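Take these sequences, add in the hints, and give me the full structure.
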Amino acid sequence: MYIKFLLSMSLLLCSTLSVAATGKLLATPGVSQIEGSAGGGLVPWAQLAGYASEDEWAVNGFCSRADVTDYRLDACGMQLNLFNRVELSYAVQQFDVPALNTEIEQSITGAKVRLYGDIVYSQWPQLSVGVQHKSLEDGTVAKLVGAKNTSGTDVYLAASKLHLGALAGYNWFWNVTTRYSKANQLGLLGYGGANEGSHILLEASSAVFLSRELAVGIEYRQKANNLGLGEQDWRDLFIAWIPNKHMSVTAAYLDLGRIAGVNNQTGWYLSVTGYW
Amino acid sequence: MKLSVFIFCCLNLLAGCTTQPNTSLYQQLGERAGLEKLTDSFIAQIGNDNQVFHYFEHSNISHFRQGFISHLCSLAEGPCEYKGDSMVAIHTGMNINEKDFNHVVDLLINAMNEQNIPHTVQNKILAKMAPLRGEIIKI
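Residue numbers (the working numbering), protein chains in the order written: chain X, 1 to 276; chain L, 1 to 139.
Dumping the calculated EDC-like pairs for lysine to aspartate or glutamate here, alpha-carbon to alpha-carbon at most 20 Å: (1) L:K138 <-> X:D55; (2) X:K143 <-> X:D96; (3) L:K138 <-> X:E54.
Just so you know, the hints here were simulated from the structure itself, not pulled from any lab data. No experiment lies behind these values; they were computed from the predicted model shown.
Listed below in structure tokens is the structure:
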């Protein structure tokens, strides 16, 4: 409800603004990842959301759905890009477990700062540091499965680069992210647990642009098994369509492995981002 | 594993379709005639643009045309040497920002599309031009 209000407010706000930020090249901001930061689908990237260059600001809104064998996750959120230096984001996730008739809601407040570079023009990759503070609406399920906390803060360092014409003339993109996190399944099952090991996790994405508007790629996100429920690494195969600097649509095939003791959680992902 | 093999195969397929052995970038751009047509399209794009036209308002068009053609030719490793002013000398005092620079890139892409230059050839010439940005913006 809250997020719908936010989105409609932002639409209203943006419809009154005649000048949209367009200072980046098409598709270079990436799309919106599942926790609300600019990224791919699963992984936050070094780019800041939206088309703002260093003299502009931008507002974006997105909604995403991941539908796997036994669960469904919906996420909607917004990002604010200030002068391509700072990205602020807010997202709400709703995790449905139809078999248990249960819904888990989590809110995520994020910030990302660009430390160096530009994915297209700088000699070295663009580098950003970010945080995602996540908080469960109701921690009952998290506590039930053995999580220590119902909120937590992830910190990540991301590097990304677009290599023009690098693969037989096609543009090649890659991103590597290192994350510190205690989250169980994004935090939807709480934070920490009896089986805690390393909290440093590796994430990566790679994509090829078949045209200015169309990219296909893969993602990988390492997961910790803090609860001892056999949590597995995530991966996806995605296609993103960016017809103009005002919208993007991403579809993906997901392999999320074992979730809360249930194996083989594969399925589909769809995400739409609007840029103002 | 299966996924990466699949991706690898796709990439090989792409490579197979587009690799043109013994064809230089200059040739892929249509040699001298191709570069002239591309430059004319680019000039027309700039002439019709409200955002960046003012940077070019006082330039001599035929001087710009000759300079741009010979610069492209030399970047594409064609049989010419760019002898015009340096990028820094040309752009000093213009104070071009990131946004306007990217807008000019967009106009160049429009011009390449107009001239039906293949996507992969576009990327190769853009890759040659991108490192020059530091000698062009914010000076």
